[in-house]
Amino acid sequence: TIWTNYQSVDDNMDELPEEAEKEMVDITAILDDGAKSLTVSNPMLCNTERFNLQDAMAALELMDPKMDCCEIPLSEVAPFGVKVDGDNDRLVFPRPSPTGLDDVVDPLPWDELTNLDAAHILIENMIRLESLLGGASVVESTYTCLYAHKPVVADMKQRLTGPASNDNGKDKQQMKGTLAQNVVYASTLILLELTDTIRSIILNADIYEEEDFTVSTYSMEVFNDRDEGSVVNTVANTLEYMVSEIDDKDTDEVDVIAQLLKYKLDLLAMSTTMARLNGKNVRQAVEKVQSMAKQSLQALEKLCPTIERLENCKPDSAKAIIRRVFDSHVNRPLVGNAPVRAIRFQTFQDSMAFFVKLTRDLDWALCRMMLKGDSLDRIRRMLFIISISESNILIQSLIVLNLYFDEKIFGQYPLPALITKCIQRQFHLPDTIFTNQYAVAFIARMAKPMYDILKVMVLNRQRQRAYIEAVMLIDWTTLIREAQLVDSALKQENPGAAPYFTLFALTISIFLMDHSVALGLELDLFCSEHEIAVAYWYRDYLLSSLITQLSTIRQLKHAHKAAEAQMAEAKSKAQRGKKKGGKHNKKIANTAALPTIEDIEDDYEFLLMNLKRGLCRGTVRFMAAVNQAGLVKDIEYGFTSKERIFEKRFEAFQVMPQPPPLTYADYQQGSDFSTVDQNELLKSASECFKASKNMVDKLQSQMKGIDSDFVSTSETDLRQLAKISVGNTIYLAKLTQMVAQSGKCSGGLDIDMESSVQFCTIKIT
Amino acid sequence: MEEKPTEDSSIEFQDYMDESQLDAVMLLVTQDLSEPYSIFTYRYFLHRFPELCILAVDDGKPIGCVVCKIDQEEAIQNGEQRVMKTGYIGMLAVQSSYRRRGIGKALVRKVLERMKEMKCESVMLETEMSNVTAQKLYQRSFGFIREEKLVRYYLNWGDAYRLRLWF
Chain A
-3 TIWTNYQSVD DNMDELPEEA EKEMVDITAI LDDGAKSLTV SNPMLCNTER FNLQDAMAAL
57 ELMDPKMDCC EIPLSEVAPF GVKVDGDNDR LVFPRPSPTG LDDVVDPLPW DELTNLDAAH
117 ILIENMIRLE SLLGGASVVE STYTCLYAHK PVVADMKQRL TGPASNDNGK DKQQMKGTLA
177 QNVVYASTLI LLELTDTIRS IILNADIYEE EDFTVSTYSM EVFNDRDEGS VVNTVANTLE
237 YMVSEIDDKD TDEVDVIAQL LKYKLDLLAM STTMARLNGK NVRQAVEKVQ SMAKQSLQAL
297 EKLCPTIERL ENCKPDSAKA IIRRVFDSHV NRPLVGNAPV RAIRFQTFQD SMAFFVKLTR
357 DLDWALCRMM LKGDSLDRIR RMLFIISISE SNILIQSLIV LNLYFDEKIF GQYPLPALIT
417 KCIQRQFHLP DTIFTNQYAV AFIARMAKPM YDILKVMVLN RQRQRAYIEA VMLIDWTTLI
477 REAQLVDSAL KQENPGAAPY FTLFALTISI FLMDHSVALG LELDLFCSEH EIAVAYWYRD
537 YLLSSLITQL STIRQLKHAH KAAEAQMAEA KSKAQRGKKK GGKHNKKIAN TAALPTIEDI
597 EDDYEFLLMN LKRGLCRGTV RFMAAVNQAG LVKDIEYGFT SKERIFEKRF EAFQVMPQPP
657 PLTYADYQQG SDFSTVDQNE LLKSASECFK ASKNMVDKLQ SQMKGIDSDF VSTSETDLRQ
717 LAKISVGNTI YLAKLTQMVA QSGKCSGGLD IDMESSVQFC TIKIT
Chain B
6 MEEKPTEDSS IEFQDYMDES QLDAVMLLVT QDLSEPYSIF TYRYFLHRFP ELCILAVDDG
66 KPIGCVVCKI DQEEAIQNGE QRVMKTGYIG MLAVQSSYRR RGIGKALVRK VLERMKEMKC
126 ESVMLETEMS NVTAQKLYQR SFGFIREEKL VRYYLNWGDA YRLRLWF
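Each protein sequence line maps, in turn, to chains A and B. Using my numbering, the first residue of the first sequence is number -3, and each one after it goes up by one. Using my numbering, the first residue of the second sequence is number 6, and each one after it goes up by one.
Think of the hints as simulated: they come from the structure by calculation, not from any bench. Check before you lean on any hint, since a few could be wrong.
Dumping the calculated BS3-like pairs for lysine-lysine here, alpha-carbon to alpha-carbon at most 25 Å [stated by the list, open to error]:
id, chain 1, residue 1, chain 2, residue 2
1, B, K141, A, K629
2, A, K368, A, K315
3, A, K451, A, K404
4, A, K638, B, K141
5, B, K74, A, K644
6, A, K644, B, K66
7, A, K644, B, K90
8, B, K115, B, K74
9, A, K644, B, K121
10, A, K644, A, K679
11, A, K644, B, K141
12, A, K759, B, K141
It should be emphasised that the depicted structure is a prediction, and the values quoted were computed from it without experimental measurement.
Produce the entire structure from the sequences given, and follow the hints as far as they go.
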């Protein structure tokens, strides 16, 4: 066995076969001469024009055990039950890739496989699949299952595939071998098929980053004598075989085998369906996938306790088999010589929890959004919430693939039409504005940037900020300028026209700026008390600008609606002379004044924005109060300054025409409460948080009357914000007490962001 | 060049001389580093930028070191692309028995002075999210800011912050 080979390798190291001795050339003298030519002052053996850090890190020392020889600790490959520790844990070569079931080095378990073993192998395969989806390469995840290696799969296929027969028009393979063997074969095939499908989806979407997904397959040879159809058939046949073979179907291992195989089939079907939608079958296909996702989720959640039971009672024989057939290091020589990432696998509990979330996200994040998101604002808000939920790269990729295809959003809505509808609804504008040639051209021009607004929400949170600041803000600066030209042209035709397109473009760009600062807080990039105060101060400024623009839009909308209602009323009055039509026109006039469901959603979002602004303002005042009380040390830096830091932090905003970019002097002026009485300042801060708490209460009660899918917050978020409002109020009271006792205080400060991702509780210690 | 420190009079600071000090540098750094570097990585830094490796020495024995380099970095400023010199702190290590004496801080200060003299506009480094001590040193003492969060940056899947100091 391989273990015997490892144990004897030290004894045999000095004894080479005669043939090998004859082929070897002693180059010691050559290396000696080369080394003698080096000096301490000139130690470089080679001269090259370009030798960068990457070359240096990838270079290897010949015969280095880890980097050149890819050796691993013996304890990593010791069989189950054999303990190797301390001085005995030497480095050894990984086992070679298996050449078949009857591998020369270590034959794989086959004839002795039981149904229980097969169930445990299935569970372990789920752990490997989770590792792939968690960012590991295929050779460090899927292909750590030795059954998945090409010669082994070919061997299994040859042993288990009988002649085909035609059963009621369906091609059916005659089943050979035991049920356990067929389960292992089917499980391996579907693991390979899922691996390829997942990779294909992620590569096509092309939004992955190195933390999500490893592109390289390291030239791993893959068993390709299969296709989706044949794999699905094999798994289906195995399930049928199980039904016919098993007398007692009510055992945990049978349940696990059946449910996990079915889940993998469903995951494959859902992924391939969502990756291949076309404009003709969108809703039907998505509804089908949603239904499948809900059923799969239910089945998976029901299965988890069964898996837990099975794993907790895993016999030693099964543990030994798992140890033999899953080898984390078998592909190590393929990965190359540079230091490699640690191979890691989750526990079975965490892996199952991962798949539960994945399946839930297929329903909630993907299907639900495609079926319900029918306007730009609704889609944007849904994506905002999905972004916070940290979906897996597979879900993110499927969202991007389906965001825009067949020249439509979700394959259903032409983007220019959605933009038109959005602007029209926001301002309550007539159709005539959108027939203007400049308006039509500008809306077409806005399509790609609007698509980017949606797509950026699908990127990893830490990548969104970089993309917004490096690319999107510059795009929208240009758009604002173009919007001003369009509005100018429209005003020439209609002197009463307001700058609709400019206002629309401005609200989007200010939203991006605020989102960028908010992400900085969420990612903990603002690391000192001073920086945090600056961030909230800037957010207060941006949110105030956004609220001002939105207020203007709302006022214009209200004015347009009032004008429309007036016209309808006038028309109705004129027609009231005739009995027919009088009451109908009055009804139209009244209906025009009623808010639509989307108007109510907009009002909700507006209140939410006011809440966030209130929290920012309260935080700024709280920090100012804390400074006044002497609880924060003012730090001066030798090599930089707060002004320089401010300039660099908000450098990306310099390109924006509106709101005007701020300087550190603006911050100093805006945050200077030195002329304000300490108690007044504390009271003012407290008022901000009390008002915020009231707004949270209002939002919580209003949420009951709104479809929660269409707002960019959740019950949980609101509870967190309530906690922060109350917490800060309490600590302000504490500080007020301290100040009343002694004026300048001694004590500490702890800025706690545990309760909410973007807002903090300032704890006085 | 030898300098006597102000914080601890027994410790002297010396510039890296040559290969004879390479082993000492490697030993100091390997003790604290979460990820392995090959000898070639050390040589890259030390041969290309010997003036940016400073050792803290006690009675002739190296007990701390800082190893750095300078890169040309492309940046976008006010919508325009330009190239700027950026310093990079690759390794900082102080022997455990010599810690909490300001030696690490002194090493960083000296190398920042040097980078500033060499016309760097900024200096950056990466540090593990869990390395609170390093973050305190760079952020509180020198004004480095957290520029970016690097998820799963290290070989052990750990996250990191990219820190940057703007001169």
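| field | Satisfaction of hint between A:K315 and A:K368, Cα-Cα up to 25 Å | value | Violated, at roughly 47 Å.
| query | Taking only the CA atoms, is the gap from A:K451 to A:K404 under or equal to 25 Å? | reply | Holds: A:K451 and A:K404 sit about 14 Å apart, inside 25 Å.
| task | Could you grab the alpha-carbon distance between A:K644 and B:K141 and see if it respects the 25 Å cut-off? | result | At roughly 20 Å apart (the allowed maximum being 25 Å), B:K141 and A:K644 satisfy the hint.
| Hinted pair A:K644 and B:K66, Cα distance within 25 Å | Violated: A:K644 and B:K66 sit about 41 Å apart, past 25 Å.
| message | For B:K115 and B:K74, compute the direct alpha-carbon distance and say whether it is at most 25 Å. | response | holds (14 Å)
| task | Would you check the hint for B:K74 and A:K644, treating anything up to 25 Å between C-alpha atoms as holding? | result | holds (22 Å)
| Is A:K644 close enough to B:K121, meaning Cα to Cα at most 25 Å? | With a Cα-Cα distance of about 18 Å, the restraint between A:K644 and B:K121 holds, given a limit of 25 Å.
| query | Between B:K141 and A:K629, does the CA-CA distance stay at or below 25 Å? | reply | Distance of about 14 Å is within 25 Å: holds.
| message | Between the alpha carbons of A:K638 and B:K141, is the straight-line distance 25 Å or under? | response | Holds: A:K638 and B:K141 sit about 17 Å apart, inside 25 Å.
| Would the pair A:K644 and A:K679 pass a check requiring their Cα atoms to be no farther apart than 25 Å? | It is violated: about 33 Å lies between the C-alpha atoms, which goes past 25 Å.
| request: Compare the distance between the alpha carbons of A:K644 and B:K90 with 25 Å, and conclude whether the hinted pair is satisfied. | output: Roughly 16 Å separates the two Cα atoms, so the pair holds.
| task | For the pair we were handed, A:K759 and B:K141, check the Cα-Cα distance against 25 Å. | result | holds (20 Å)
Going through the hint list in order, the structure does not satisfy hints 2, 6 and 10.
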